[in-house]
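As given, the protein sequences belong to chains A and B, one line each in that order.
Per this note's numbering, the very first residue in the first sequence carries number 1; after that it's consecutive.
Per this note's numbering, the very first residue in the second sequence carries number 587; after that it's consecutive.
What you were told as hints is all true, and nothing was included just to trick you.
Sample of chain B residues at the chain A side, in silico, Cβ under 7 Å:
1) A602
2) L613
3) S622
Listed next, with one range per pair, are the computed distances between beta-carbon atoms:
4) A:R497 / B:A614: 49 to 57 Å
5) B:A614 / A:T16: 39 to 47 Å
6) B:L598 / A:R132: 17 to 25 Å
7) A:E578 / B:Q619: 50 to 58 Å
Derived list of chain A stretches under chain B, where covered just means 3 residues or more per stretch with a C-beta under 8 Å from a C-beta of chain B:
8) 153-159
9) 336-350
Rather than coming from a laboratory, the hints here were simulated on the basis of the structure.
Where a beta carbon is used, it is the ideal one built from N, C-alpha and C, also for glycine.
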Amino acid sequence: MGAGAAPLRRVYLTRTLTLTASFLAAGLGFVVFLQFGASDGFDAFDVLRALLIFASTFWLAWGAFTALAGLTTQPPAVPRDPGPVRAMTAILVPVYNEDPVATFARIAAMDASLRATGFGDRFHFAILSDTRNDEVAARERIWFLRLLADTHGEGRIFYRRRTSNKGRKAGNIEDFIKRAGAAYSYAIILDADSLMEGATMVEMVRRMEAAPDLGLLQTLPKVIRARSRFGRIMQFAGGFYSPIFARGLAMMQGRTGPFWGHNAIVRMRAFAESCGLPELSGKPPFGGHILSHDYVEAALLARAGWTVRVDDDLQGSYEEAPENIIDHAKRDRRWCQGNLQHSRLLLAPGLKPWSRFVFLQGILAYIAPVFWLAFLAASIAAPLFAPPIDYFPIEYWPFPVIPVSQVSKALGLAVGVGGLLFLPKLLILLDAALRGRTQGFGGRIRALQSTLTELLFSSLTAPIFLMFQTRSVLQVLRGADGGWPAQTRGDGTLNFRDAWAASHWIVTTGGVVLVMAQWLSPELVLWLMPVALPMVLAPLLISWSSRPSRSALFTVETEIAPAPVMQLHDRILVRWDEDLEDRTAA
Amino acid sequence: MMDLAKPDQFDLDRLAEELGALPQAPLAMPVQQLESSARPGFLSALLRARLWRVGKAGH
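The following block holds chain B by itself, in its conformation from the complex (with noise of 0.2 Å):
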């Protein structure tokens, strides 16, 4: 077992990787179409229209 209580030994990044990786087993994951060409219905034009502008936000 490794000596965790002297990390410095290890190559950390290659060692978690090494260990860490995941099986390859590629599976495909179409993008799906969510947007219709239609035009947006009343209340996304309503929810979308952007009052005034400011930046990001947040607490």
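Pulled out of the complex, with its shape left as it was, chain A reads as follows (with noise of 0.2 Å):
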């Protein structure tokens, strides 16, 4: 067994109670709809959205009970070494075309921090730069630099440009293995954007020096920084949930871990010779480079019999995330086409079954919206196929037979649907307010308001995420490769007219669904509503969302209190702004 990780026996049981429940769930639902369906004649369009009902709710029955299994367990006692740490680490940060500035601040203040701990001689920093601007470029060259003199990291803090980007961030990182790997027993992989404290860092090191085992031990980093009404949803959902569906994950998952990319440290040797990828064959988006290569390192280092190991305790990890809706969708386009992907690998030979279940997993996550979509349109269509209702069904019997309303077991299904969207959430806000985790987010009140209106907010931004997804989904199906564009942080904010933009289609989709719906079974327009009007509302749900959050609402600790790696980083890029506005006046 692998040391750290969940026993066996307890992984496989929170399997096998996670999969039945949603198995069972799904099949109540498919069940009640076939009913429900059947109430005014049976026909093949009652079957097929049946089991759209099927496969869309065993997905929302997979995500409560990982919760449920994350709010009945506790982390299993994780070895640790507790002598001084002596193995050497890379910290590897791969950029492409990001601001340097902000980056650079963020290595310098995680240096700061690690020669807090007074291990900071043990780890060196990898700047890995992939970017394609030569204005950006020139930039990171400068403040690099800057970064060196700043912090006296000559010999400590290496940076490097590739010619060219082959393989992406994947290919980043395997080239410094090639070049520099053999100089390391570990590597910790961050993302441009990832800030850690120097002792969460050690603490890693420690772990994976007592569990010879762990080939990569992930962390959960909280997002940080976030400024809009969106960025501070999503950091307050991240925060207050997140670690309850890690956990949860974390039990059903045992040796078999994830790697989420970054704020992750894995063993060099183990890596090396586990995880080199190769190219898939055909073209994008199916062949090609393989796009969300973290699984598939996770899956490989498992094939190879290494362990890997989410630990959610591990606190002091963070990251910053997309400040508004088009942000989020523009690297959910991305994840879609590296989760199909995926579906090249499901046979891969020699990996572990619970690897492929999680390939399967990431495919399900982007499909079950199109399942969704599908059952509307099904359900608006419907009528168009439904047979005349029989009042006669009994022959000689002269009266009509009125069939029975099933109306009720149409919302028994809508409330069981509803229920398992919001109840793990609000058994966490429960559980939180129990164990005292509330006073971290503002209170008790303050975090059951929070709640409230994120899982309003949720409800009302749902509907256009399953259109973008939807959308995403048909992209890669139809061959369009996303390509991999930088990512766009800072402000984020956006007006109407951006917003109308990015969205008039879903706007048109909505009234398109309302009409078709009006004309074809006007009894379902008032069930619609919930999911048309926010499409027909788009635009201005994006740029309201995109504005800059004032609100007491969502507070998060980290607001509360910022991490000393957080108050290191402002103070440094603080100095640094002073330092260039001083040469731009020269």
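Using the hints, put the two standalone chains together into the complex.
Here it is in structure tokens:
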């Protein structure tokens, strides 16, 4: 058994319970819908819709029961080596057209934080630039020299720019390992917007040292520095709900844990031996470079016998996130393509069954919204194909038989689906209140207000994300490669015109849905309003949510008390910005 | 310490390359086999079916 991973028997029990409960919930949805659909006569459309309900409900139930697993389990004891840190660790910071000032200031802050632990000399930073823009690259060189001067980092902080960005981020890291990997026992892989406490990185090394079979240790990064309404809601949701979902996930994954691409430590030898990624045959989007390489690397490590673990108890791991719905959808477009590409790897030789299931889960996550949309379309079109109601089903019986209304079944189904969506979050709120975790979120009342508002916001924006995800899936299926654009970071405010440009097709779709429903199934219009209305209002919601937030709602721990490494980062940024202004003035 | 207020005085490319050079410690990273020679499964074939071809897409 992998040291620190949940005991195997418990892992199998959690998997079995979660899978069974999800299938039961989906089966119940299937049967209830079939009864409801058959009330006006049974036809193939009823079966189709019931099957779509089955698939969609399974996915919702899976999420809900993962949260329940997280709420009902505790992290297993994790071994750690308490002695002095002797192993050398490289901290890899891949950059791709990022703002070098903000990124390198993060490195300076992490370096200072590491030196404060007394083990700073055991860690080296490697800035791995894949920047294609020559102007940004020139700024990178200037600010790299500034970083060296500021930290006295010569010989500890390295910078190299690749002439070709073959293999993108995975190829960038592979290039480092092939050149310099043998100098290090471990590598901490970061993103350009990652920030980690020195003590956390030291603790990660201690845990790796104590578990020789551990190939990769993933932390759960907290989103920080969100400013917009959308960003702060996501930051709250990530900080408040994610630890519970991650706990549940850890319980189910056991030794076959996840890799989310950053804020994780890998054993250099294990990674080098197991994770050399091939190019897949054929052209993108399904062939070529593996886009979502992290899931594949986790699967390859597990295939080679290494333990991959997520330690959700590790604090001091941070990242930043998109500030508006459009940037979020852009990132999701890439993830969609990467996850659908994993369909090529479902039968890859030697993978652990759970790794295959994780690939399938990722595919389902993007296909489920298509099922929901197909369900809505099938429901609107159903009257066209329904057989006429037979009021005289009994031969020789002279009186008509009025079909019994099955609306209660539809309501029951709606309540069930709503329960799967909302109940886990409300239970997490209750758990947080009982354990005192709400203190970090402004207290019980503020956490309650934030949770309820988040539920309302996520309900309003769900149809918009459903549309973006459906479009992404259709684009990938018809062979469109989304490319790999740099993420937009920074303010992220969108005016109405920008929001309209990105979402007018959602408004049109929402309008068409309402008109078609009114024409074909007028009784459905009211049911469809929670979906169609947000679609019609999409540009308003996108623009409104991208604006700066000044609300006391959605308070998180790092807003109440910024982490020490965040404070260091702030101080360095202020100093560097002042220097920049002085130089510009001179 | 170098005078960064006057970056023109340096050949920045050369300096960054010199000071930033990674340690020379190569480590082999063999390419792993991920594609089996067997025929692709139904789901893979379904997902790979391209209904029509288009160029790049994005937002």
